[in-house]
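Novice: Okay, here's what each chain looks like letter by letter:
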Amino acid sequence: MTASIAIKDAGGLVVELIEAINANRGWLSEIDGAIGDGDHGINMSKGFTAAGAKLGDPLPSLPDALNTLSETLIEDLGGSMGPLYGYLFSSMADELEGQERLDAEVFAKMMHAAFEGVKEIGSADVGDKTLLDALYPATEAFDEAWRSGKDFAESLDTMSAAAEKGRDATVDMVAKVGRASRLGERSRGVLDAGATSCCLILQTLAKGIKQRMQG
Amino acid sequence: MTASIAIKDAGGLVVELIEAINANRGWLSEIDGAIGDGDHGINMSKGFTAAGAKLGDPLPSLPDALNTLSETLIEDLGGSMGPLYGYLFSSMADELEGQERLDAEVFAKMMHAAFEGVKEIGSADVGDKTLLDALYPATEAFDEAWRSGKDFAESLDTMSAAAEKGRDATVDMVAKVGRASRLGERSRGVLDAGATSCCLILQTLAKGIKQRMQG
Amino acid sequence: MKKFLNKPEDFVDEMLEGIYRAHPEVTFTDGDMRCFVTAKPVPGKVGIVTGGGSGHLPLFLGYVGKNMLDGAGVGGVFQSPSSDQLLNVTKYVDQGAGVLYLYGNYTGDIMNFDMAGELAELDDIETATVVGNDDVASSVVGEEHKRRGVAGIFFLYKVAGAAAAQMKPLAEVKRLTEKAKSQVRTMGVALSPCIVPEVGKPSFQIGDDEMEIGMGIHGEPGISRKALEPVDAVVEEMASKIFAEQSYEKGDEVAILMNGLGATPLEELYIAYRRLGQLLDEKEVKIRHVWLGEFATSMEMAGFSISIMKLDDELEPLVAAEVDTPFFKHFAG
Amino acid sequence: MKKFLNKPEDFVDEMLEGIYRAHPEVTFTDGDMRCFVTAKPVPGKVGIVTGGGSGHLPLFLGYVGKNMLDGAGVGGVFQSPSSDQLLNVTKYVDQGAGVLYLYGNYTGDIMNFDMAGELAELDDIETATVVGNDDVASSVVGEEHKRRGVAGIFFLYKVAGAAAAQMKPLAEVKRLTEKAKSQVRTMGVALSPCIVPEVGKPSFQIGDDEMEIGMGIHGEPGISRKALEPVDAVVEEMASKIFAEQSYEKGDEVAILMNGLGATPLEELYIAYRRLGQLLDEKEVKIRHVWLGEFATSMEMAGFSISIMKLDDELEPLVAAEVDTPFFKHFAG
Ligand SMILES: Nc1ncnc2c1ncn2[C@@H]1O[C@H](COP(=O)(O)OP(=O)(O)O)[C@@H](O)[C@H]1O
Ligand SMILES: Nc1ncnc2c1ncn2[C@@H]1O[C@H](COP(=O)(O)OP(=O)(O)O)[C@@H](O)[C@H]1O
Ligand SMILES: [Mg+2]
Ligand SMILES: [Mg+2]
Ligand SMILES: [Mg+2]
Ligand SMILES: [Mg+2]
Numbered sequence: 001m002t003a004s005i006a007i008k009d010a011g012g013l014v015v016e017l018i019e020a021i022n023a024n025r026g027w028l029s030e031i032d033g034a035i036g037d038g039d040h041g042i043n044m045s046k047g048f049t050a051a052g053a054k055l056g057d058p059l060p061s062l063p064d065a066l067n068t069l070s071e072t073l074i075e076d077l078g079g080s081m082g083p084l085y086g087y088l089f090s091s092m093a094d095e096l097e098g099q100e101r102l103d104a105e106v107f108a109k110m111m112h113a114a115f116e117g118v119k120e121i122g123s124a125d126v127g128d129k130t131l132l133d134a135l136y137p138a139t140e141a142f143d144e145a146w147r148s149g150k151d152f153a154e155s156l157d158t159m160s161a162a163a164e165k166g167r168d169a170t171v172d173m174v175a176k177v178g179r180a181s182r183l184g185e186r187s188r189g190v191l192d193a194g195a196t197s198c199c200l201i202l203q204t205l206a207k208g209i210k211q212r213m214q215g
Numbered sequence: 001m002t003a004s005i006a007i008k009d010a011g012g013l014v015v016e017l018i019e020a021i022n023a024n025r026g027w028l029s030e031i032d033g034a035i036g037d038g039d040h041g042i043n044m045s046k047g048f049t050a051a052g053a054k055l056g057d058p059l060p061s062l063p064d065a066l067n068t069l070s071e072t073l074i075e076d077l078g079g080s081m082g083p084l085y086g087y088l089f090s091s092m093a094d095e096l097e098g099q100e101r102l103d104a105e106v107f108a109k110m111m112h113a114a115f116e117g118v119k120e121i122g123s124a125d126v127g128d129k130t131l132l133d134a135l136y137p138a139t140e141a142f143d144e145a146w147r148s149g150k151d152f153a154e155s156l157d158t159m160s161a162a163a164e165k166g167r168d169a170t171v172d173m174v175a176k177v178g179r180a181s182r183l184g185e186r187s188r189g190v191l192d193a194g195a196t197s198c199c200l201i202l203q204t205l206a207k208g209i210k211q212r213m214q215g
Numbered sequence: 001m002k003k004f005l006n007k008p009e010d011f012v013d014e015m016l017e018g019i020y021r022a023h024p025e026v027t028f029t030d031g032d033m034r035c036f037v038t039a040k041p042v043p044g045k046v047g048i049v050t051g052g053g054s055g056h057l058p059l060f061l062g063y064v065g066k067n068m069l070d071g072a073g074v075g076g077v078f079q080s081p082s083s084d085q086l087l088n089v090t091k092y093v094d095q096g097a098g099v100l101y102l103y104g105n106y107t108g109d110i111m112n113f114d115m116a117g118e119l120a121e122l123d124d125i126e127t128a129t130v131v132g133n134d135d136v137a138s139s140v141v142g143e144e145h146k147r148r149g150v151a152g153i154f155f156l157y158k159v160a161g162a163a164a165a166q167m168k169p170l171a172e173v174k175r176l177t178e179k180a181k182s183q184v185r186t187m188g189v190a191l192s193p194c195i196v197p198e199v200g201k202p203s204f205q206i207g208d209d210e211m212e213i214g215m216g217i218h219g220e221p222g223i224s225r226k227a228l229e230p231v232d233a234v235v236e237e238m239a240s241k242i243f244a245e246q247s248y249e250k251g252d253e254v255a256i257l258m259n260g261l262g263a264t265p266l267e268e269l270y271i272a273y274r275r276l277g278q279l280l281d282e283k284e285v286k287i288r289h290v291w292l293g294e295f296a297t298s299m300e301m302a303g304f305s306i307s308i309m310k311l312d313d314e315l316e317p318l319v320a321a322e323v324d325t326p327f328f329k330h331f332a333g
Numbered sequence: 001m002k003k004f005l006n007k008p009e010d011f012v013d014e015m016l017e018g019i020y021r022a023h024p025e026v027t028f029t030d031g032d033m034r035c036f037v038t039a040k041p042v043p044g045k046v047g048i049v050t051g052g053g054s055g056h057l058p059l060f061l062g063y064v065g066k067n068m069l070d071g072a073g074v075g076g077v078f079q080s081p082s083s084d085q086l087l088n089v090t091k092y093v094d095q096g097a098g099v100l101y102l103y104g105n106y107t108g109d110i111m112n113f114d115m116a117g118e119l120a121e122l123d124d125i126e127t128a129t130v131v132g133n134d135d136v137a138s139s140v141v142g143e144e145h146k147r148r149g150v151a152g153i154f155f156l157y158k159v160a161g162a163a164a165a166q167m168k169p170l171a172e173v174k175r176l177t178e179k180a181k182s183q184v185r186t187m188g189v190a191l192s193p194c195i196v197p198e199v200g201k202p203s204f205q206i207g208d209d210e211m212e213i214g215m216g217i218h219g220e221p222g223i224s225r226k227a228l229e230p231v232d233a234v235v236e237e238m239a240s241k242i243f244a245e246q247s248y249e250k251g252d253e254v255a256i257l258m259n260g261l262g263a264t265p266l267e268e269l270y271i272a273y274r275r276l277g278q279l280l281d282e283k284e285v286k287i288r289h290v291w292l293g294e295f296a297t298s299m300e301m302a303g304f305s306i307s308i309m310k311l312d313d314e315l316e317p318l319v320a321a322e323v324d325t326p327f328f329k330h331f332a333g
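Quick mapping for you: the protein sequence lines, in order, are chains A, B, C and D.
Going by full-length UniProt numbering, the first residue of the first sequence is number 1, and it counts up by one from there.
Going by full-length UniProt numbering, the first residue of the second sequence is number 1, and it counts up by one from there.
Going by full-length UniProt numbering, the first residue of the third sequence is number 1, and it counts up by one from there.
Going by full-length UniProt numbering, the first residue of the fourth sequence is number 1, and it counts up by one from there.
Bound conformation, chain A alone (with noise of 0.2 Å):
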């Protein structure tokens, strides 16, 4: 059998996500403060900390986990994070549908998903300093892996670095959308805060599929 979770069991890490973003919300704020309006942080922890509270006990099976997460963002956040992440997440679980373990193949189609389903609520392209400047390497990066022959503990190491890769990157960009694009050539040199939050969350994940295989 190859490496994989049992999605029923994988609720929990909607929880590491939660905890993740709380951790990290100072950083998000100050990161965001530098060419936005300075409350990324304040944000996300709003509508992760909100489904938190949702997701009831004992915790759910992770497509439904990820659904309440995105439910609350789309339904209760609103702001942008609320349909951009929002998307994210029920892409992400939709992938999930009719499955019983999370293995390599379907992690791979849920990148795609989550990816396409940014990119189409969000308009926004790769390269305009946003947060798919870490989510598409980042599927990208997994792809290859995965394809070349690592196993999917080694290709989720690798879609890591790549996100990690891409957010930084995203330093050298110039901001085409939100907010941040109004300030042109200024936006220039710092990092983006939604790929920073991106990186995070698919670092998070990435950490707890791990662990989950592991134990």
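Bear in mind the hints are in silico, worked out from the structure with no lab data behind them.
Computed from a predicted structure; not experimentally measured.
It is possible that some hints are incorrect.
With a straight-line Cα cutoff of 27 Å, these simulated DSSO-like cross-link-like pairs (lysine-lysine) come out [to be verified]: (1) C:K226 <-> B:K176; (2) D:K66 <-> A:K176; (3) D:K2 <-> C:K226; (4) D:K66 <-> C:K66; (5) D:K40 <-> C:K286; (6) B:K54 <-> C:K286; (7) C:K66 <-> D:K329; (8) D:K241 <-> C:K7; (9) A:K176 <-> D:K226; (10) D:K66 <-> C:K329; (11) D:K226 <-> C:K2; (12) D:K45 <-> A:K176; (13) D:K226 <-> C:K283; (14) C:K201 <-> D:K2; (15) D:K40 <-> C:K201; (16) D:K7 <-> C:K2; (17) D:K201 <-> D:K226; (18) C:K226 <-> D:K7.
With beta-carbon atoms standing in for the labels, derived distance ranges [as the list claims (entries may be wrong)]: (19) A:A34 <-> B:E185: 49 to 55 Å; (20) B:E154 <-> C:A227: 56 to 62 Å; (21) B:T2 <-> C:R175: 58 to 64 Å; (22) D:S224 <-> B:G127: 53 to 59 Å; (23) D:E284 <-> B:G184: 33 to 39 Å; (24) D:Q205 <-> C:K40: 45 to 51 Å; (25) B:A153 <-> C:A171: 56 to 62 Å; (26) C:R175 <-> B:G184: 30 to 36 Å; (27) B:D57 <-> C:P43: 44 to 50 Å.
A virtual CB, placed ideally from N, CA and C, is assigned to each residue, including glycine.
Mind docking chains B, C and D with the ligands on chain A? Use the hints.
Specialist: Relative to the frame of chain A, chains B, C and D with the ligands by itself:
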């Protein structure tokens, strides 16, 4: 003939008053800033300068010049200085009516009239930390010096010293009227702006009269 | 001094030029922009004239208009207009029924209005005077005559304006305005000073975390300066000062004015109002009218005031009456 | 952070509580205070729904009322409301004639309104959309679709509201609103930042003698930052940017909105307006309407914007129509 000056040639006294006020514009505002709204010098300078523009060339007689000053303050300046100094100067001018020369007797009457005029229009009392606290002791001191046998010039010196002493005594007073009165006890410890400008005006008058008597 | 202006000494006159450009319903008399009057005096009506220093928009001139005031003397920043200007406004406004002078309790204004009134008498114009003194912070009970007039004069303008619009005689307009005055109390709080343009620096210093309770609208000191508290606590303290003055009991009806002093956002005024509403609910006092916004300001000062007016069957319809001025509009009913 | 508030996270909801207490003409639907609607929907009328982040009072909800808007989704400070909230407002507001979405050009708002519109369609509610993008400073000519929506949306609200009040069908309301939109241009200038309560510190830094021309209403940077100049020069620069976009010629008629961003006193707005009036006089352009005050703010930000709308015989009566909302009142004629 007792010491005196010709009223019709003394319009220049008002020019000297205007110069004195303008020269002390900043200082008077500074003093008002401590317990008032910091504009006493600005107000006085605005009114006196406007009057100066109306005096004409050749200069009018002293009562005419005083009346021009008074009217400008009352009609154009407004505020509290308009009526207060307006009445002060018109009351002085009234006492010059029908006179040809300004001597110690006439001057004493001018001072009394000025005091009564300001007191009536402002409904304030001596000790309320206002310009009356320079005007009243000056008036009394002049009377007493003259009655006790000093000559006009000496009596003017006595008056100037009393005005200054009166002004300085306002430091220990608590304001009972005007803006500063709302400070209560907190209005103690600094000069009163109106007493300061009044002292300046009386000293400038005294100096000008003395110069004209010598000249 | 970070202000949008040209020369500080032109502040008032350029402001007036802008106002006359924007609002053809108002004009000036005697060739003096500072003699501010309605363009459409109502024949036979008692005229209502106010006046005071500039820097308080929409006070004072902003209430000249339909069913409110007829004229206003416009002074320099925080300076009374002159008696002459007030006299000219009086002459224009008088339509044979006399003129009510209605202004705030400040030495300069009192002297100049009194002088104008004496001069008007020589012209056979009857005048009467009501002096607003709603600021409970500025003197103790029993010494109300020493109190500053602040935002609460808004209610007096409404009552006087509505009464005059009903063509009531001067004595009756005065009686109703005095009655309104006896029912209005105001408390203010400030967070920051303002800058008189010609002075060029702040009127007072205040710490980054301090508030001044009971401050006047020219930056006059208040009852206490202390650390800024949550707005609920601030409102409770302010309201308690007003409640201590008059009884507010079950079934009583009031009108409220939540007035921003200049820089305080509407959002914060509504948060403050929320608490005031709760306090009046607890007393089972009914809020019949509430106006919330900027009604009497100190240029860029941050802060707000609460004015409460107790209503009765005679005053309520006057407060409720329709008003249309360039700066303030109210639909009846 | 010197603000009158309790907990920063309660800022929006406590503000809303205050608003509902003060203004019984408005209410909320679906048990969610942020789904802000008129208490008196007009049967058969096209509904006009707006929405956006909080912190801009009287934008957005302040224009819900007679002859203007019917509902508004209320977001967090500078955050779009959610699609769900907008959907609930849409359902309440729809009276069978469909709903016009009218809001400013921001990513979050576009996403959420679009989602709401799709969901409304599933409920057989027809929606149409007009997105305000009046800020000439935020993108060049030819790229108008990228421009921010700012204070000029006030005119779109007036036109859409008046057209809907005349019981025109959705397509016609949309056509007129689009037409109005093509005629509105805005330029802003800021002197100081604002503070998002939950962030707790200023949105940007600016020197004691600096101004930012072309600034957005969330503190987004503008065209240029430079030393503060006399207001006449500031107005000339702002107006020249607007004049460069469209022809303003002899005989043309316009409406003007002089909008304070929050902390700038009315006095200064009038001084600024004086110069704008002079410039339009020079062009022999007739100013048919002018509104001056706070219409779209950024909490305690100091600054102002100028919006100019060109009028024609179709638009002018709609702009002139009577309006009565809790935050904005206009008597016709
Ligand atoms: N159209 C878009 N598509 C994808 N991501 C976007 C888009 N617009 C903005 N973003 C992301 O949103 C982030 C800012 O999020 P946040 O601060 O929470 O929202 P806001 O800008 O409304 O305050 C940016 O750093 C960027 O990564
Ligand atoms: N009722 C009064 N009678 C006499 N002098 C007064 C009275 N009220 C105020 N003053 C004087 O006015 C001075 C302040 O003048 P000024 O600053 O020009 O006016 P304002 O207080 O209106 O700004 C005070 O220092 C005081 O001497
Ligand atoms: Mg942000
Ligand atoms: Mg002073
Ligand atoms: Mg003064
Ligand atoms: Mg934001």
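Novice: A separate judgement is required for each hint: does it hold in the structure or not?
Specialist: Hints, one by one, checked against the model:
1. C:K226 <-> B:K176: The hint holds at about 25 Å.
2. D:K66 <-> A:K176: Violated, at roughly 39 Å.
3. D:K2 <-> C:K226: Since the Cα atoms of K2 of chain D and K226 of chain C sit roughly 13 Å apart, the hinted pair holds (cutoff 27 Å).
4. D:K66 <-> C:K66: Between K66 of chain D and K66 of chain C the Cα gap is close to 22 Å, so the pair holds against 27 Å.
5. D:K40 <-> C:K286: Within the cut-off at roughly 23 Å; holds.
6. B:K54 <-> C:K286: violated, 59 Å
7. C:K66 <-> D:K329: Holds, at about 15 Å.
8. D:K241 <-> C:K7: It holds: about 25 Å lies between the C-alpha atoms, which stays within 27 Å.
9. A:K176 <-> D:K226: It holds: about 25 Å lies between the C-alpha atoms, which stays within 27 Å.
10. D:K66 <-> C:K329: The given pair, whose Cα atoms are some 15 Å apart, holds under the 27 Å limit.
11. D:K226 <-> C:K2: This hinted pair holds, its Cα atoms lying about 13 Å apart.
12. D:K45 <-> A:K176: violated, 39 Å
13. D:K226 <-> C:K283: Violated - the C-alpha atoms of K283 of chain C and K226 of chain D are around 54 Å apart, more than 27 Å.
14. C:K201 <-> D:K2: Within the cut-off at roughly 20 Å; holds.
15. D:K40 <-> C:K201: violated, 49 Å
16. D:K7 <-> C:K2: It is violated: about 30 Å lies between the C-alpha atoms, which goes past 27 Å.
17. D:K201 <-> D:K226: holds, 23 Å
18. C:K226 <-> D:K7: holds, 19 Å
19. A:A34 <-> B:E185: 49 to 55 Å: Roughly 50 Å apart at Cβ, these two residues keep to the hinted range, so it holds.
20. B:E154 <-> C:A227: 56 to 62 Å: holds, 58 Å
21. B:T2 <-> C:R175: 58 to 64 Å: At 59 Å between Cβs, range holds.
22. D:S224 <-> B:G127: 53 to 59 Å: Because 58 Å falls inside the window, the suggested range holds.
23. D:E284 <-> B:G184: 33 to 39 Å: violated, 58 Å
24. D:Q205 <-> C:K40: 45 to 51 Å: holds, 49 Å
25. B:A153 <-> C:A171: 56 to 62 Å: Holds - the Cβ-Cβ distance for A153 of chain B and A171 of chain C, about 58 Å, lies within 56 to 62 Å.
26. C:R175 <-> B:G184: 30 to 36 Å: holds, 34 Å
27. B:D57 <-> C:P43: 44 to 50 Å: holds, 48 Å
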